[in-house]
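S.K.: Sequence:
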Amino acid sequence: MDANGQRQDDLFSQVIDATKEALDGAGDAYRDTYREFQEKLPTFDDVLAQAIRLPGTGVSRAGYLAEVIGRKHSRLVQAAIDTTPARAGLSPREIEKIAKRSLGKDGRRTTALSFAAGIPGGVAGAVSIPADLVQFYGYLIRATQKLTYLYGWRDLVHVDASQTDVATASALVIMLGVMVGVPRADDTLARLARLRASGADDSRLRTALAARSMQTEVNQISEELTRRMARRLTGQVAGKAIPVVGGIVSGVITGSGFDEMTKRLLGQLKRHGA
3 MDANGQRQDD LFSQVIDATK EALDGAGDAY RDTYREFQEK LPTFDDVLAQ
53 AIRLPGTGVS RAGYLAEVIG RKHSRLVQAA IDTTPARAGL SPREIEKIAK
103 RSLGKDGRRT TALSFAAGIP GGVAGAVSIP ADLVQFYGYL IRATQKLTYL
153 YGWRDLVHVD ASQTDVATAS ALVIMLGVMV GVPRADDTLA RLARLRASGA
203 DDSRLRTALA ARSMQTEVNQ ISEELTRRMA RRLTGQVAGK AIPVVGGIVS
253 GVITGSGFDE MTKRLLGQLK RHGA
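Numbering (this note's numbering), first residue to last: 3 to 276.
Worth flagging that the hints you see were computed from the coordinates, not collected in a lab.
A hint or two may mislead.
[Claimed, not checked] Straight line, CA to CA, 27 angstroms or less: simulated BS3-like cross-link-like pairs of lysine-lysine:
| id | residue 1 | residue 2 |
| --- | --- | --- |
| 1 | Lys272 | Lys74 |
| 2 | Lys265 | Lys99 |
| 3 | Lys102 | Lys74 |
| 4 | Lys272 | Lys102 |
Given these sequences and hints, build the entire structure.
M.R.: Okay, here's the thing in structure tokens:
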């Protein structure tokens, strides 16, 4: 675990400890409701399935590359679509600049999502998946597509709101795991990168993602994402229902936001070449 991840875990531990301490002074009914909330926490797969279905989550590869590359390199657009931006002649530095500029807009939009405000109705209203959480992951899925397109992973992630295949779901779990800082996700992405470097196209990569051996890794990443998400939601409710820890929750959410997560994935994709 990196230093940022450790700090986030420490903060989450403070949130949970503070929540337990506050609940010790609460009534039995409140504690029972809180336990009910914890039992009904969604899995990461539940949130992912809803986020994929959000309107506008899917990003057209050809349309996106034409838009972001055409602004300054119109003569390279068709080659970038037919091959990859790097093979079309864009330098690693220029690809990174395009990526950061493109993701900045989505990052600004996520600041409107009120994680720190908690869930309306406190604990009693928190047994379903918060809409802002689904929307946040929708933005992360959009960012994943943009980054993979820019860094040469042509159609590895094909988001279709009407139907999600196993390979796409697996790829998203891995990429989002990298964003959150799950070490196993980094290792799995490196494994895919080695396969790609050996000459595998996206069709072979998608076949590998759907294989039983890869599914074991994907499931483990998903379970870790569920644990981390559960801690986030627990902290979110604590911040709403127990004001004394609201400042801690706000710091956790702010410190693990969209920009930091997308930079982590960008860094890993750069490492494995465009």
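S.K.: Give a verdict on every hint.
M.R.: So, going through the hints one by one against the coordinates:
Between Lys272 and Lys74 the alpha-carbon distance is near 21 angstroms, which keeps this suggested pair within the 27 angstroms criterion. At roughly 12 angstroms between alpha-carbon atoms, Lys265 and Lys99 fall within 27 angstroms of each other, so this suggested pair holds. Distance hint between Lys102 and Lys74 is fulfilled; the C-alpha atoms sit about 15 angstroms from each other, no more than 27 angstroms. Between Lys272 and Lys102 the CA atoms are separated by roughly 13 angstroms; this keeps the pair inside 27 angstroms, and the hint holds.
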